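One letter stands for each residue in the lines below.
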Amino acid sequence: MYTPHTPEERQAMLRAIGVERIEDLFVDVPAKYRYPKMNLPPAMTEMEATAQMQSLAEANEQVGKDLISFLGAGAYHHYVPAVVDHILRRGEFYTAYTPYQPEVSQGTLHAIFEYQSLMCALTGMEVANASMYDGATAVAEAVNMAYHVFRGKRPKAVLAPSLHPQYIATTLTYYGHSDREVVIPEEGPTAEPDVVLKYVDDRTSLVMVQYPDFFGRMYDFTELAQAVHERGALFGVAVNPMALGLFKAPGEMGADIVTAEGQPLGIPLSFGGPYLGVFATRKKYVRKIAGRLVGETVDSRGQRAYVLTLTAREQHIRRARATSNICTNNALMALAATVYLGLLGKQGLRQVAELNYHKAHYAAQRIAALEGYELAFPNTPFFNEFTVKTPVPASQILQALLDEFDILGGYDLGQDYPELDHHLLIAVTEMNTREQIDLLAEALNVIARRG
Amino acid sequence: MSWKIPENLKYTKSDEWIDPQTGKVGITDYAQSQLSDVVYVEIIVSEGETVNKGDIIATIESVKAAADVYAPVSGKVVEVNEGLADTPEVVNSDPYGDAWLVRMEISDPSELDELMDADAYRKYCEERED
Amino acid sequence: MAQQDVKIREPLLIELSTPGRRGVRFPEPDVPQADLPEDLVRSDLPLPEVSEVDVVRHYTRLSQYNHGVDINFYPLGSCTMKYNPKVNEDMARLPGFLNIHPLQPVETVQGALAVMYTLQEALKEITGMAGVSLQPAAGAHGELTGVLIIREYHRSRGDTKRNKILVPDSAHGTNPASSAMSGMRVVEIPSDKRGNIDLEKLKAECDDTLAGLMITNPNTLGLFEEHIEEVVQAVHEAGGLVYGDGANLNALLGIARFGDMGFDVVHLNLHKTFSTPHGGGGPGSGPVAVAEHLVDFLPGPVVTIVDQDEEGTPIYGFTWPEKSIGRVKAFYGHFGVMVRALTYILMLGADGLRQVAEDAVLNANYLRVLLQDTYHIPYNRLCKHEFVAEGRWPDAPGIRALDISKRLMDFGFHPPTNYFPLIVHEALMIEPTETESKATLDAFIDAMKQIAREARENPELLRKAPHNTPFGRVDEVRAARQLILTWFDWA
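Chains as they are written, first to last, in the numbering used here: chain B, 1 to 451; chain A, 1 to 130; chain E, 1 to 491.
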């Protein structure tokens, strides 16, 4: 498949090369390695492969079709307008490589410049790179950037314990056994954010918090950012970008770095990826930022044009001395976020963010009114996700919701924090109707009464 | 190819020059031509700092390359060319003049003897152009 | 707004914006409105305001300024710009794959786990390795994962002084960068006259601080490493591990396997070898495959068969390798990319994959031989999937590889990779891939020969190229000096 030569053409080409058989092109491979047997299923036609993949797809229970979902915890079920995928499916975009040749890549470059601008608008920062892999690796890159800002003289990063546990885990994998230190305060996952200050010293390059945090809570970090700055470290915030349609930008609070999982911005759940790592910072750190940057310039005909710039930071030039190794990023997902934000605009993003807010608050109020359930943090603002204390272990509740009501009831916090095994993290988005929320509340009530 | 290689300076294998009279340090005409258009200069040592021969004192970036600049000799940094940050292009136009990076107080003048004179450096540049 | 002195071919979203315009609407809330926490609500959201038609036309026009594999030949060396099958795109968008949450209970996503498991098994067969993790998001991410596995392997044995990674001077920049990022010391090994790694220099660095060697085979010159057995042996005898960068696996599918060559850990690029699209820079997918002694160190979770039902159908689950380095990203990797790659493997089978490698190598050698009298090829021997030519001639002073590349655009071709690998002057790295027809290759050869003539007869034509593209040469120096990185920088 996908190899167009006829046998005659192959022969003609072999003759032109000056060899007889195709095997002659592989004589430099030691004979003992040549032509291994590969035990793979026989080749399928497109019809057969499609049927097989369809049957695998149908073996899954879909959110929104087979299951009512209140599951978030870092990946959210949102509406993606039709336009987004139509643009993504243009071959000119998705079959192009990284725009290294600007004269024939202005489509991608122009769109990335818009993406950088939109991410700065949203986060209140001054520069954003052309994307990273996801929200977790963006946090790891923030730790890396801060380390390089201080030239390794401040080798320590403090991550708030209320950061997404997979973001913490990823960062620990990256730097766990190196000369860098990644410190997680020991006061427990739900400690208030200023607990990090105790761990900040003159060896600390970065303090990283999350907004909303893993438990859904939102805080104004203005004072915390100031306190961190007084100790000489950078202040980083990992955000849910949809929350920024409604809530204060971290830039306004004094953040130096903002990272995000960009999935809520027009990217389907797709079993965890590909998603979008957002990374934005202040212009004074632009030479320490990882990944690609697009800048504005002109072409030889006097037209405004865009080009990859400050490439001397990157691995293909600086090799072992580069800040990061990132090369391929998630550019097409950045295009998805750009088209999504273009469509929604100022009013649309605010509207969908408010919808999330109101529906989540309605759900929280309904659930808090049930006997045996209460909000874990009743006095802290939240966006579209909140933590509920449950009368029986959350794992039992989730199993019953799935088995009896076809509901994905949320995330069992006991999986990551044994002390929170009676805590359920519930996400509500614009996709959830009032009927679904009422059904969840009734189901929770039934399960609690049963004990 | 021909590069400007002033007779009164001493040169390193990593293409820095030092003026034994003034203690000024910079990169050579050959180095700037290899880098092409310089877009950024960052001097990472500060006034009063003591550096050893071979320590990184600055980083210079062009659109297609990045180069570290090393101290040609040991000594104390007595002056830093602050203005260069805003006018990186002078590294291309005037590498031995306005584009000096730091001025050093040379702690051990015998280290200068280990550096190349103009003739030796010219040969060294020509060798690298195959 | 924008600068006065420039012509604007296509406005930016912000320039299309009109206050009050909307591109999409959402339903009114069906629940009571809750109070907003006034102190936390933002006062300003400076996003553009455009209509749906504006958005569609804007991005459709922009797309037309791009070159893609769907438009014409894209011989970008080391990037394997093969055709991206359309059916793969459809499969990745099946609702049963698109609308599943990564944290759903595994019993509700058995189809997705089957996709991952089947792909893991296929990649084991293709590489001859013992275990696979699909988690890494791209090639460089796979490299970092691989080096972390190497570091953890030595550490688990109490062998803590091994902190040196050897990297050939022809390697991709990501190899040294990934090593450095994981706290390793990088030592560069030069290439010899035939383009192989210099065996003597390599042996001299094989001591008790050696953690491993990162090697790309075929290397970035497109050449099969002729001393691969000695190289692997030398590293292993010193107690080091061999890391294989699978960027160039397209040349070896069904021809030779990393596992058989004794490699300990390798990464693959699904977006190169296995036909998933490059997306204008990503997303990719960089699975890591390891030999038996490293299986326990893979990042978790990996998909395994945990049970079977009454009919003997496997039940899949996630498990953590015993000494796992941990996770390298959230969730399980780029699942949508995995679906595409598996579809491709199912449609090719073992024979089809071998045909890929054979035609990729046939096409590269065909171009090499037919261009070798016109362009100097410094390491001119049988190549694999790509080769590197010099873009300069003694009798065409002032013409550089970049000029040739820009002129190629006028013929409708994407240029080869420029200025890489670093060990060739004025490098033009040409990788045709197997999906190109003889007619396309012949047209490319004609263009390359015509350009070589023009270089002597009308060098200005090259230096001012491209002429037929919507945009001319772009001023990179101005971009780097003025540093306008968002539309907010206009002010």
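Treat the hints as calculated values from the structure; they're not laboratory data.
Because the structure is a prediction, the values reported are computed rather than measured.
Mixed in with the good hints there might be a few duds.
What the hints assert, rightly or not - Simulated crosslink set (DSBU-like; lysine-lysine; CA at most 30 Å straight-line):
#1 A:Lys76 x B:Lys284
#2 B:Lys37 x E:Lys124
#3 E:Lys164 x E:Lys323
#4 A:Lys123 x B:Lys153
#5 B:Lys153 x A:Lys4
#6 B:Lys32 x E:Lys201
#7 B:Lys288 x A:Lys123
#8 E:Lys193 x A:Lys64
#9 B:Lys153 x B:Lys198
#10 B:Lys283 x E:Lys193
#11 A:Lys53 x E:Lys201
#12 B:Lys32 x E:Lys193
#13 A:Lys53 x A:Lys64
#14 A:Lys53 x E:Lys193
#15 A:Lys123 x B:Lys284
#16 E:Lys201 x A:Lys13
#17 A:Lys64 x E:Lys164
#18 E:Lys161 x A:Lys123
#19 E:Lys164 x A:Lys53
#20 E:Lys86 x B:Lys65
#21 E:Lys7 x A:Lys13
#22 A:Lys64 x E:Lys323
#23 A:Lys13 x A:Lys53
#24 B:Lys32 x E:Lys464
#25 A:Lys53 x B:Lys153
#26 A:Lys64 x E:Lys464
#27 A:Lys76 x B:Lys288
Hey, A:Lys123 versus B:Lys153, does the alpha-carbon distance stay inside 30 Å? Roughly 40 Å between the alpha carbons, so the hint for A:Lys123 and B:Lys153 is violated.
Would you check the hint for A:Lys64 and E:Lys164, treating anything up to 30 Å between C-alpha atoms as holding? Cα-Cα ~28 Å, so holds.
Holds or violated: E:Lys7 to A:Lys13, with C-alpha atoms at most 30 Å apart: Violated, at about 46 Å.
Please work out if B:Lys153 and A:Lys4 have their alpha carbons no farther apart than 30 Å. 39 Å, violated
Between the alpha carbons of E:Lys161 and A:Lys123, is the straight-line distance 30 Å or under? 42 Å, violated
Given pair status - E:Lys193, A:Lys53, alpha carbons within 30 Å: Measuring from Cα to Cα gives roughly 34 Å; hence the hint is violated.
Are the Cα positions of A:Lys64 and E:Lys464 separated by 30 Å at most? 20 Å, holds
Satisfaction of hint between E:Lys323 and A:Lys64, Cα-Cα up to 30 Å: This hinted pair is violated, its Cα atoms lying about 42 Å apart.
Holds or violated: are the alpha carbons of E:Lys86 and B:Lys65 at most 30 Å from each other? At roughly 26 Å apart (the allowed maximum being 30 Å), B:Lys65 and E:Lys86 satisfy the hint.
Regarding the pair B:Lys37 and E:Lys124, is the alpha-carbon distance no greater than 30 Å? Between B:Lys37 and E:Lys124 the Cα gap is close to 12 Å, so the pair holds against 30 Å.
Hinted pair, alpha-carbon criterion (30 Å max): A:Lys123, B:Lys284. Please report holds or violated. 41 Å, violated
A:Lys76 paired with B:Lys288 [C-alpha distance capped at 30 Å]: Answer holds: A:Lys76 to B:Lys288 is near 28 Å, not above 30 Å.
In this structure, the hints that do not hold are numbers 4, 5, 7, 10, 14, 15, 18, 21, 22 and 24, in rising order.
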